[in-house]
Amino acid sequence: MMNDNVTIPVDVAPVEIAQERGAPETAQREVVFDVRDLGVHYGSTTAISGVNLEIYRNLITAMIGPSGCGKSTFIRCLNRMNDLVPSARVTGNLMYRGQDIYGEGVDPVAVRRQIGMVFQRPNPFPKSIYDNVAWGPRVLGLKKRLDERVEKALRGAALWEEVKDRLKRSALSLSGGQQQRLCIARAIAIEPDVLLLDEPASALDPIATAAIEELMHDLKRDYTIVIVTHNMQQAARVADMTAFFSLEVDESHRSGVLVEYDNTDRLFTNPSDKRTEDYVTGRFG
Amino acid sequence: MAAATPQVSLRATGSLRRRRIVNKIMEGVGTAAALLAVAVLVVVTVSVAVRAAPALSWDFLTQPPNLFGGPGGGISSAIIGSALIVGMATALALPVGVLIAIYLTEFAPRAVAAPIQLALDVLNGLPTIVVGIFVYGILVIGHLQSAYAGAVALSIVMLPLVSRAAQETLLLVPSALREASLALGVSRWRTVVGVILPTTFGGIMTGAVLAVARAAGETAPLLFTCSIFSPDVSTDVTKALPNIPVLIFTYSEQPDPALHEQAWGAALVLMVFVLVASLGAKALLARSRRKLGR
Amino acid sequence: MITAVAAFGSVFLLGWIVWKVINLAWPAIDKYGLAFITEDTWDPVKRTFGALPFIYGTAVSSLIALVIATPLAIGIALWLTELAPRGVRGIVGSLVEVLAAIPSVVLGLWGILVLGPFLAQHLEPWLHEHLGFIPIFGPPSPTGTGLFTAGLILTIMVVPIVASICRELFLQVPNELEEGALALGSTRWEMVRGVILPATRTGIAAAIILGLGRALGEAIAVTQVIGGGTQISSNIFGPSDTLASKIAASYQGADPIEQSSLLYLAAILLVIGLIANFGAQIIVRRFDPLRDAH
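These protein sequence lines are chains A, B and C, in that order.
Positions 1 to 285 (my numbering) are the ones given, in order, by the first sequence.
Positions 1 to 294 (my numbering) are the ones given, in order, by the second sequence.
Positions 1 to 294 (my numbering) are the ones given, in order, by the third sequence.
Below 25 Å or equal to it, Euclidean Cα-Cα: the simulated DMTMM-like pairs (lysine to aspartate or glutamate) are:
hint: 1; chain 1: A; residue 1: K164; chain 2: A; residue 2: D147
hint: 2; chain 1: A; residue 1: K168; chain 2: C; residue 2: E179
hint: 3; chain 1: B; residue 1: K24; chain 2: A; residue 2: D107
hint: 4; chain 1: A; residue 1: K220; chain 2: C; residue 2: E179
hint: 5; chain 1: B; residue 1: K24; chain 2: A; residue 2: E104
hint: 6; chain 1: B; residue 1: K282; chain 2: C; residue 2: E97
Computed from the model, here is a short list of chain B residues facing chain C with C-beta under 10 Å:
hint: 7; residue: V98
hint: 8; residue: S163
hint: 9; residue: E218
In case anyone wonders, no lab produced these hints; they're calculated from the structure.
We treat Cβ as the ideally placed atom computed from N, Cα and C, and that holds for glycine.
Using the sequences plus the hints, can you model the full thing?
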């Protein structure tokens with residue numbers, strides 16, 4: 001499904017891209033994540049604080065903002081990957097479909113089963129292509145009709161046609177863009193509910209990036225997608241909702257905060273906050 | 001997909017509960033393994049300390065063994081002998097090991113360095129008794145055992161260790177340092193001697209200390225080269241001198257409990273030396289690594 | 001360039017050792033030929049010499065050590081890299097390395113005087129009583145010396161070697177691979193089993209072979225605890241000898257014919273040691289699934 005005719009508009013302002021989209025109907029949409037006053041602290045440093053937003057089902061929600069303002073930290077709360085950092089402390093409330101993700105008795109393994117993640121740099125296992133995609137299902141005990149599951153996942157990641165004849169070859173023999181699509185296939189093979197994408201295309205060339213972006217339009221049919229990106233145009237191209245994070249510094253502390261969250265086109269064409277306006281028009285960041 | 005998806009539990013249920021239990025079991029196994037290793041170390045160390053206690057005294061360290069192998073007396077001759085043998089071995093192994101390390105890191109082309117490195121790694125793993133037999137074959141046959149034959153055998157055991165430690169230290173030197181010196185027109189050799197070696201001095205010394213700690217405890221290389229000796233205090237290195245490891249070995253094979261007690265005492269002295277040297281060297285190595293900024 | 005001389009000298013040294021040991025063994029090799037290797041009697045009085053009992057002893061004691069040490073060492077390494085709380089990690093890691101620094105003669109002394117009696121009075125009778133229907137758990141040794149004891153002592157020596165290599169290997173697995181596995185909703189153990197262990201399996205194999213090399217070549221501690229038998233028996237509690245320990249035990253006081261047979265044993269030991277060491281080194285250099293992952 002690699003489309004060689006895709007042109008990547010690098011000089012077009014995000015504003016213009018966003019104007020071409022409609023506004024998604026969020027009123028009737030199910031709320032997948034309900035975030036209230038979320039904060040993350042590493043030891044005595046505060047990474048993000050006071051984050052409030054709702055993420056809607058089957059939409060693509062993008063987090064944008066300058067480097068270091070906590071976008072990745074935020075997204076890693078959604079699947080409890082921050083648990084892996086010993087000094088990390090999460091405050092506030094994070095509800096997934098009405099259940100508190102950080103509640104008593106909640107198993108992070110069960111959380112990650114529902115909320116999958118694709119990372120910035122492709123990280124396929126040093127195994128065959130087939131085994132990479134099949135690993136998750138095998139671990140979960142989904143061993144029946146594994147071949148079908150693998151094919152479905154690879155098709156879903158727009159990779160099947162390119163690898164169907166070499167499933168036994170090492171995943172490391174694929175190109176960067178293909179590896180990243182393999183990681184997407186790996187994530188969707190276990191049929192999660194949500195897909196978190198942490199700057200999925202930032203390590204890829206423009207053509208591979210375009211392929212991933214096109215993929216996301218198809219993926220949102222089945223999954224709720226949250227994407228972190230430092231590329232405004234990308235957010236304008238793919239996201240239905242966009243959240244703008246920035247750094248707030250005062251005498252006593254500095255932390256990342258959510259400045260504005262809105263339909264993508266409204267955020268880019270008519271932002272309510274001056275900081276947002278400065279960022280999207282390129283005046284800073 | 002349906003308009004509202006059914007609730008999925010975020011708790012450990014069903015098969016996840018099973019997987020969690022397996023996970024806990026394996027964590028327990030890992031912890032048990034670590035505890036077992038520490039326990040063995042503690043048991044051995046405490047055994048040695050407790051059984052050595054009756055033998056320890058100032059006399060023990062300063063007197064030679066009793067003339068007829070009876071009770072009393074000490075291990076002074078063995079301490080002196082070991083010091084001489086290990087000292088000579090270090091004098092042999094250290095310069096050669098450093099030279100080899102310099103060649104491998106500074107001068108050797110990759111195709112040449114690889115087989116040399118392989119030979120050193122193989123040399124490192126050779127049974128030490130075979131090393132002893134080798135030196136026996138070249139230095140003892142036709143003559144007598146001697147302390148310097150023992151030293152040669154120990155130096156062969158120490159060589160790969162010194163070389164590797166020196167190599168690691170040399171590799172820590174930032175290439176910017178080398179390039180700056182060479183850019184000033186200083187010759188390769190001068191660069192090594194004048195610029196690189198001084199910064200690596202600490203690391204190389206600690207590598208030497210580690211090798212010494214290892215060599216001090218080696219018995220097999222000395223069996224054929226320096227094990228037949230009289231118990232008198234002597235510093236004549238052309239003859240076989242008493243030494244700690246062989247003394248422990250010999251006493252341990254005797255039935256006499258008084259000799260066992262002396263063996264424990266000597267074992268404690270040896271262990272303390274080896275442990276202090278090893279830990280001290282490793283701490284110094286970590287510090288010199290930090291100093292070089294890596 | 002003297003550094004080149006030193007470096008090539010080390011290769012030459014290895015060759016010289018091989019040549020000299022075989023040269024020393026030549027009279028016996030010439031006299032007995034390869035039948036020596038399959039001859040199962042060692043009787044100085046009857047002038048019959050054969051290596052088989054000692055090849056058997058070497059194989060069984062090493063096997064016991066590897067079977068016990070491998071899972072222990074991997075468990076320890078996994079604990080150190082995945083499970084241990086930050087502060088404890090360094091301390092326990094150092095303690096495991098200290099275990100490696102204990103001189104073998106001290107471990108042997110501990111084996112004769114502490115471990116042996118414990119085995120003789122408690123463990124061996126228990127095993128014989130409950131599992132005696134299996135031939136390897138025959139009647140216990142009255143003194144606690146024997147093949148089993150030697151295997152246990154070797155285990156203590158092998159564990160730190162394998163554990164520290166495995167620990168390095170596990171640390172080198174990129175964090176992103178671990179995160180990728182965990183993000184798919186796997187438990188820590190599933191991640192270890194599915195990603196870390198397969199990615200490091202070649203290195204683990206090499207570590208095991210290096211541990212094996214250590215076990216094969218150990219002469220002193222083994223000869224102290226193994227009981228000095230010359231029969232091949234299925235009972236692991238019985239006395240035995242390995243190639244290395246036989247040489248250490250019998251060399252002094254042996255007449256020239258027995259001596260040359262012992263040197264033949266040394267040559268066999270050398271060859272086995274070289275195969276194990278070269279094997280480990282080549283595995284490390286050739287096959288590494290992680291190599292392309294960067």
